[in-house]
Amino acid sequence: MIVESGMILLPFAGAVACFLVSGRTRILAALTASLFTSAAAAATVLQVFTHEEMRIPLGGWPQPLGIQLHIDGLSVVFLLMSAVVGLMVSIYSSVFFARQTEERHFWPLWLLLWAGLNSLFMVSDIFNAYVVLELVTICAAALAVLSGKVESLKAGLRYFLIAMAGSLAFLLGVGFLYAETGMLDMFALGEEVTGSLPLAVSFGLMTAGLAMKTALLPFHFWLPPAHGEALAPVSAVLSALVIKASFYLLLRLWAGVFEPAISVYAAQTIGFLGMAAVLWGSYQAVIQSRLKLVIAYSSVGQIGYLFLLFPLVFAVQETTWAAQAWTGGVYHAVSHALAKAAMFMAAGNLIIATGNDRIDYMRNVVGSLPLTTMSLGLAGISLMGLPPSGGFVAKWMLMKAVFASGQWWWVIALVFGGLLTAAYVFRILGHAFESGDRRKPMRPVPLILETVPLILALGSILIGFRAEEVIFLLEERMLWEIPGGNSP
Amino acid sequence: MNLNFWLPVLVLCSSLATGLIIFFLKEKQSALRTSLNLIGASFKVVAVHYMAYRLLVLGEIHEASFSMGLGFDFLLRVDFLSLMFLALSSNLWLVTTLYAVGYLEGSANRSRFFGFFSLCVAASTGIALAGNLITFFIFYEFLTLTTYPLVIHRESTAALEAGRNYLWYTISGGSVLFVGIVWLHVLTGPFNFTDTGVLEALGSDRHLTLIFIFALLIMGLGVKAALVPLHGWLPVAMIAPAPVSALLHAVAVVKAGAFGIVRVVFDVYGQHFAGYLGLLEPLALVATITIIFGSVRALMQTDLKKRLAYSTVSQVSYITLGAALLAPFSTVAAIVHLAHQGIMKITLFFCAGNIAETLGLHKIRELDGVGRRMPLTSVMFTVAAFGMIGVPPVAGFISKWYLGLGGLEAGQNWVIGVLMLSSLLNAAYFLPIVHSLWFKKPEIPWKELRKSRLEAPWTLLLPALVTAVMSVLACLWADWIWSPLGVARQIAAGMGVYP
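Sequence lines, in order, name chains L and E. Note that the first sequence covers residues 1 to 488 in my numbering. Note that the second sequence covers residues 1 to 499 in my numbering.
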């Protein structure tokens with residue numbers, strides 16, 4: 001129990017410490033907090049992997065009075081993802097900010113955000129889920145405007161408004177649910193849900209609210225400016241982790257609470273939105289002229305893949321392919337997190353070196369920043385879903401589920417999404433290889449800043465080799481029965 | 001140490017590790033880089049031949065598998081077919097490395113070049129060793145990624161354009177192949193190349209799906225094998241340095257596609273089952289069109305490398321044609337042409353590279369009288385060109401002979417007509433080159449780009465000499481059981497189709 005609550009308390013304490021102290025001490029405190037948080041997450045993962053899923057009553061109060069933490073396979077996969085990305089972001093930021101003024105605000109906000117994410121991945125009560133989701137949103141919006149430039153303020157404000165609208169819709173949904181069932185615990189709710197109208201409204205509101213925060217297609221417009229204008233480590237956090245938080249909650253709600261009441265139409269609709277997002281986002285990424293906008297639009301496209309999970313997993317009862325799609329979708333979320341964090345940090349390096357992130361300016365980058373180019377390339381391979389990489393594993397499982405279920409139309413998203421992804425990844429790499437007069441001499445980039453994205457990019461490739469453990473966690477260590485999967 | 005497990009792994013790692021280490025070498029450490037390259041390549045040649053000895057003489061089965069946790073294994077397995085491709089790629093890697101060292105002497109970005117060059121060879125090794133379709137696919141895509149930096153090596157706008165073109169073709173092909181492979185696995189579950197008859201057992205209600213999947217697989221593989229109309233990337237990719245073109249055409253990319261088609265026809269569907277489904281006739285038709293079309297286009301080219309490129313389009317389809325004819329002799333022809341086309345085409349590219357590097361000549365009309373200045377190069381070019389036409393005693397004759405026999409045996413007499421027409425066209429586009437090399441007087445003064453005691457640096461001459469001699473010996477000693485033909489016969493016998 002100490003370890004598990006440590007994942008929330010440690011970054012929280014770190015945030016407070018970073019607020020109080022300054023200079024070298026602050027970086028030391030932040031790094032210590034990050035390291036221990038990640039260690040706690042690793043310990044929890046190991047615990048769940050070797051033993052079983054956990055339910056921890058906080059403060060010793062039993063249900064329904066007390067607050068519970070629920071930690072199962074899905075939670076630990078996301079916890080581990082945040083631990084790896086979070087630790088790398090902290091290391092990167094400790095050099096990136098190098099005692100600039102933004103540093104004072106960055107560390108407390110980032111650690112607080114991390115605490116929020118970790119609690120979100122363990123929460124079992126939907127009202128508490130709302131509270132920590134708000135915490136995550138506020139920290140994320142504040143981080144997005146950290147640089148203080150006009151563009152980033154505009155983008156951040158728009159992000160904040162949309163996210164707030166999403167939260168309100170979610171809260172309204174919680175209200176309906178509570179009024180109808182009188183319960184807030186996701187576990188207990190799962191047994192009460194029927195197809196009544198108030199519940200359908202609540203389901204729609206919560207889904208719409210979370211889709212807004214996850215930037216699913218009609219609500220995607222806030223993401224590219226917000227992620228593209230933020231500072232490199234912030235963009236990495238926003239793209240890799242923050243949008244995954246609302247996606248995680250969506251998965252929990254669909255699989256745990258509303259599963260019996262989900263109609264085929266709802267699942268197909270959200271799948272089609274996902275497909276549209278894949279095609280539109282990836283196409284937009286191809287035509288952007290700034291590197292960070294390419295990467296940001298790529299997020300819009302890649303998020304679309306995640307929503308292909310819903311029509312394949314839900315909507316049809318008792319199927320054999322649902323488990324494949326379930327694991328494939330979650331796998332994609334994880335490998336996207338690693339790859340995207342790597343890409344945003346690599347883009348940050350390019351900005352340090354050349355002063356801006358226009359793709360035309362990226363001449364001969366391969367010669368002066370070989371490790372950064374390699375990170376972009378490796379992360380790109382994972383995004384394209386080429387073997388062997390995490391993206392390939394995800395694509396393999398999703399594609400298998402697509403054919404097994406006979407819903408062949410999703411092939412369009414998987415194939416053309418992959419091709420468009422290849423188009424923008426190789427557009428970046430092509431410019432990186434282009435020789436020619438450098439307009440300005442490049443500034444040197446510290447080795448640590450080059451290494452961190454490389455580690456993440458390598459990670460997104462290497463998780464393609466050990467899918468077995470993750471599949472085990474996602475299929476055998478669940479608190480809820482996943483559709484078509486093995487028993488809980 | 002369990003050699004049956006470790007030998008395939010070592011063979012794969014010999015080029016993989018070489019490539020990865022070379023990336024970290026400084027540009028100036030050229031002596032270290034060259035020795036590493038040559039050590040890696042020589043080690044691989046030795047290891048491959050030792051493995052061949054163990055398989056062919058001692059009958060050991062080499063296998064290394066690793067669970068990916070997705071319901072399939074990452075499987076490296078050595079059978080006769082992979083041995084053929086391995087022997088080809090390891091030997092040609094060695095000579096091409098030597099050639100590339102000479103060719104790129106003093107140019108920029110050599111660490112990057114040799115790094116990707118070795119990785120590219122590692123990919124083709126993996127393709128040879130792959131024991132099931134998924135492992136094959138993994139290396140097939142790896143090959144795409146590792147050849148891209150080689151194609152754009154010159155970093156010029158034209159090179160980048162060619163690279164983009166190459167990627168569009170290969171990545172699209174890869175996606176189609178991926179769809180086919182996944183679909184096949186959904187139907188059958190995991191299976192290896194050795195599990196023949198898996199598809200036959202599926203039942204007749206699946207036959208339409210199987211036909212569709214076959215079309216997907218061939219479309220995916222046909223891009224790299226340069227089947228018309230999927231060949232467009234190949235002539236454009238000629239912008240790459242000569243050793244890259246040589247390797248792409250002889251061993252790596254084009255051959256990977258052809259090898260994949262051979263695997264799909266023989267080891268996934270099984271030739272008889274494919275024939276039963278009626279898949280072989282369309283495949284033979286596509287191959288025939290490619291053979292004729294490639295030759296006609298080659299005739300129209302004025303650039304030497306482009307003409308060679310279209311010649312590759314045409315020649316590689318002999319392999320596909322051989323696989324598509326239901327007869328033992330044509331099976332032998334398909335397999336033996338994998339090797340024969342490799343050694344002959346690489347000789348031609350080496351010679352073209354020599355002429356371009358030494359005298360700066362690229363166009364065919366500039367080649368008048370080059371035989372006086374570079375006799376050895378011209379002799380080797382002539383030998384390989386005769387081989388391509390199918391004149392004995394060069395390797396190409398054997399391939400065409402067996403292909404013709406196979407056509408007769410399968411009752412497809414039109415194959416003879418195709419062969420004659422194609423040989424005529426081969427002669428029409430190669431003989432003028434040979435004629436101008438030897439019998440015309442030079443009209444323009446040559447530039448002397450490189451000074452050396454011989455007609456060209458020895459690193460450029462020796463590799464071409466080795467492969468030219470190999471192409472002649474492959475025909476003269478064809479009856480020896482370890483010649484390419486001998487091995488191809490044994491493979492066909494192993495499949496139970498050749499007596």
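No wet-lab data here; the hints were simulated from the structure. Check each hint, because a few of them may be wrong.
Claimed, not checked - Only some residues are given here: those of chain E computed to face chain L with a beta carbon under 8 Å:
| no. | residue |
| --- | --- |
| 1 | G69 |
| 2 | L104 |
| 3 | L160 |
| 4 | G163 |
Fair warning: this is a prediction, and the values are worked out from it, not measured in the lab. Glycine is no exception: its CB is placed at the ideal position from the N, C-alpha and C atoms.
Taking the closest Cβ pair, is G163 (chain E) under 8 Å from chain L? holds, 7 Å
So, G69 (chain E) near chain L? Judge it on the closest CB pair being under 8 Å. holds, 3 Å
Go through the hint on L160 (chain E) and say holds or violated, using the shortest Cβ distance to chain L against 8 Å. Holds: closest Cβ of chain L sits about 5 Å from L160 (chain E), inside 8 Å.
Next item in the hint list is L104 (chain E). Is there a CB on chain L closer than 8 Å to its CB? violated, 16 Å
Consistency with the previously given hints fails for number 2 only.
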